[in-house]
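Engineer: Each chain, letter by letter, is given below.
2 protein chains.
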Amino acid sequence: MSADPFQRTRAMFELPGGVVYLDGNSLGAMPKSARERVRRELNESWGRELIRAWNTAGWIDLPAKVGDRIGALIGAPKGSVVASDSTSINLFKALAAALELAAPRKVVLSDTGNFPTDLYVAEGVCRLLGQGHTLKLVDPEAVEGALDEGVAVIMLTEVDYRSGRLHDMRLLTEKAKALGALVIWDLAHSAGALPVDLAGCGADFAVGCGYKYLNGGPGAPAFIYVRPDLQDCVAPALSGWMGHAAPFAFELGYRPAPSIDRLRAGTPPVLSLAALDAALDVFEGVNMLALRDRSIALCEDFIHRIEAECPELKLASPRDPKARGSQVSFRFAEGYAAMQALIARGVIGDFRAPDVMRFGFAPLYVGFADVELAARTLIEIVRRRLWDRPEHHARNKVT
Amino acid sequence: MSADPFQRTRAMFELPGGVVYLDGNSLGAMPKSARERVRRELNESWGRELIRAWNTAGWIDLPAKVGDRIGALIGAPKGSVVASDSTSINLFKALAAALELAAPRKVVLSDTGNFPTDLYVAEGVCRLLGQGHTLKLVDPEAVEGALDEGVAVIMLTEVDYRSGRLHDMRLLTEKAKALGALVIWDLAHSAGALPVDLAGCGADFAVGCGYKYLNGGPGAPAFIYVRPDLQDCVAPALSGWMGHAAPFAFELGYRPAPSIDRLRAGTPPVLSLAALDAALDVFEGVNMLALRDRSIALCEDFIHRIEAECPELKLASPRDPKARGSQVSFRFAEGYAAMQALIARGVIGDFRAPDVMRFGFAPLYVGFADVELAARTLIEIVRRRLWDRPEHHARNKVT
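So the protein sequences, as listed, match chains A and B. Its first residue numbered 648, the first sequence is counted upward by one per residue in my numbering. Its first residue numbered 648, the second sequence is counted upward by one per residue in my numbering.
For reference, chain A alone in the conformation it holds in the complex:
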């Protein structure tokens, strides 16, 4: 165990005592480096350098730097990812660009397992364009069969936020592209959780989240990837000054930057972005294949322990670990109450209506002892129906 590289990464996090944290798929735990970095940006950069810190503290370079660091985790070459805005905003940028490139096709294909904000954003783009674009939703299993030459863009989230079900990114990307569609992947639950090979599978666009498995802090900036040879063809819909070829020339007309930078819009939230930058330090030296192996082992261990003792809980995630992200979900009719009881006892997972108990396993800081304790606690709660006892009720409401 002493050679375990994940003992090293676990020690890089600030983990509160008495807590087993299985909700890193909603908000990653805090790396100590992120806390120290933000303190430094406050005390030394903003507080002492003031406006000069844009240069002296490197703030101006953060979106590109953080983009490249995330790119290294998702199979994206340097200069193809930029950190910016939220996932929703980045998806708007990607989809607006893709639909322009895909003309005259007008169908956006997605699935009912996608995270709702992606579908809302797609609705908004279609409506705004006012050219008859439509969002076609099918079941996740039906995406492949629904691909045809009418599809302009497929827009999918690789890992289902409720079940952890994994789309076959390579297969769907290749099939869509063979049919002439453009492909957008949302990597919200993928980046930092499993190996991704954007360039290798030929994806056109990708977006993702900084605050889940990348541990960038609450509402950390998101990211956007554009295939390198496509970048100069993208006419940014959100054409802000930070995406201009010469932001500080203050020209009256917009000229997009000759790179991924054109996907930037306004001034980035530096404190949040610096936290994300520092959080990525934890990934230095981490082999993503080893991380994936560990993630699978943690999830398998949890599934086996729960299934052995709690037949009431039905696995809602794919049984095949290769078809699953870094989370495990169980359906349980009394899941809401059981999850509140679990949280009250220090095991933090979350709940999605109507009956899904979700457990995220962030391999950088969750270990096998956590799995054992979480499983033991959940088993006790379910066996003894502890949620029926007022003293075990939740102290906190978790959304």
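Careful: at least some of the hints might be erroneous.
A pair counts as met if it fits within one copy or between any two copies, since identical chains are not told apart.
Unchecked claim - Straight-line alpha carbon distances no greater than 20 Å define the calculated EDC-like cross-link-like pairs of lysine to aspartate or glutamate that follow:
#1 Lys679 to Glu691
#2 Lys679 to Glu696
#3 Lys725 to Asp876
#4 Lys824 to Glu796
#5 Lys783 to Glu898
#6 Lys725 to Asp879
#7 Lys725 to Glu931
#8 Lys822 to Glu791
#9 Lys824 to Asp1002
#10 Lys783 to Glu796
#11 Lys961 to Asp1002
These are calculated hints, taken from the structure and not from any lab test. Nothing here was measured: the structure is a model prediction, and the numbers come from that model.
For this one, chain A is given, so just place chain B on it according to the hints.
Structural biologist: Relative to chain A, chain B alone:
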């Protein structure tokens, strides 16, 4: 002087020794409350509460809370402002909404003194809509005369970022509305710098910046205002989950929230937003009319001192203080080098090409002794042409 309320506010900032900071119009100085708040969000909220902090630390309510606090400074009623995204993104939201409401009119009227990102965003909206919308740019002085019944939306920044020239918000708003146009104000250099009366003048939309006179920190979230009786008519173009009527119901279809909340999009950058929230503490108990009086007195004092001793510097700001924001600009052929020499001596202003030296006077923390020292230093530099001496050259490049 002991009764001076601005001695109290000045003491609430962390100001580095040996520096006179006259660039709060680019990045406000750091309130101590902001630093302490971010530390708390790191140590106590993210670090200890983890995902629970969305409820226990009130993160979920921050966009509305901060919006209301900013609203109180700009004449906006409760529930009409939300803190969110960047100024560029918020302007996109406002303009897309306004153009839909203003149909079939298709002209966006703005001026050449507007901050470029506003113009870039307007270009992008017009292009994206693909319905023949155009951006018409006139000189700032010609806006009133260019208003006619063909104008769909006027989109102006109240304070010119180079000269500090102030538009007559009430007059232009009333005239535009009488002609049936919608009105969007960018308050980037107004909010926190001078009294604004959005509701009183009948503005339809406004956006603004959190990191200038509101002192929210580098890249702090921006804000957007929508006239209360217009909110339910706005169909958000950037339809993200945080603007949904029930974000945590995870419905497949978008239903906008029944309030200003519909102008939100993705998950907000909490660390940056919390800094802005705490920064607004400084405004508690500050009378905006008294702040405006002080701002004018500071600017007048600086102008008189410089004009008395440096005839080479030509005032680029309006001479009438009522026509000026909280900044003073001078044109000077050697302004770039002179500004570098000034910064090297601890007086931080900034420079805008080709020859504008800008000085922002943030009344919350800039005092008359600062004005005297800044003027004396600048006068010495100009009289002795100190930028010709290498030892006085700038140590830092300031954008």
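Engineer: For every hint, state whether the structure bears it out.
Structural biologist: Structure-based check of each hint:
1. Lys679 to Glu691: Intra 18 Å, inter 13 Å, cutoff 20 Å: intra and inter.
2. Lys679 to Glu696: For Lys679 and Glu696, only the inter-copy Cα distance (15 Å) is at most 20 Å; the intra-copy one is 23 Å.
3. Lys725 to Asp876: For Lys725 and Asp876, the Cα distance is within 20 Å only inside one copy (13 Å; across copies 48 Å).
4. Lys824 to Glu796: Within. Shortest intra-copy distance 10 Å satisfies the 20 Å Cα cut-off; inter-copy 48 Å does not.
5. Lys783 to Glu898: between (40 Å within a copy, 15 Å between copies)
6. Lys725 to Asp879: within (16 Å within a copy, 44 Å between copies)
7. Lys725 to Glu931: The answer is within: 16 Å in one copy meets 20 Å, while 46 Å across copies does not.
8. Lys822 to Glu791: within (8 Å within a copy, 56 Å between copies)
9. Lys824 to Asp1002: neither (37 Å within a copy, 52 Å between copies)
10. Lys783 to Glu796: The answer is within: 14 Å in one copy meets 20 Å, while 40 Å across copies does not.
11. Lys961 to Asp1002: within (10 Å within a copy, 71 Å between copies)
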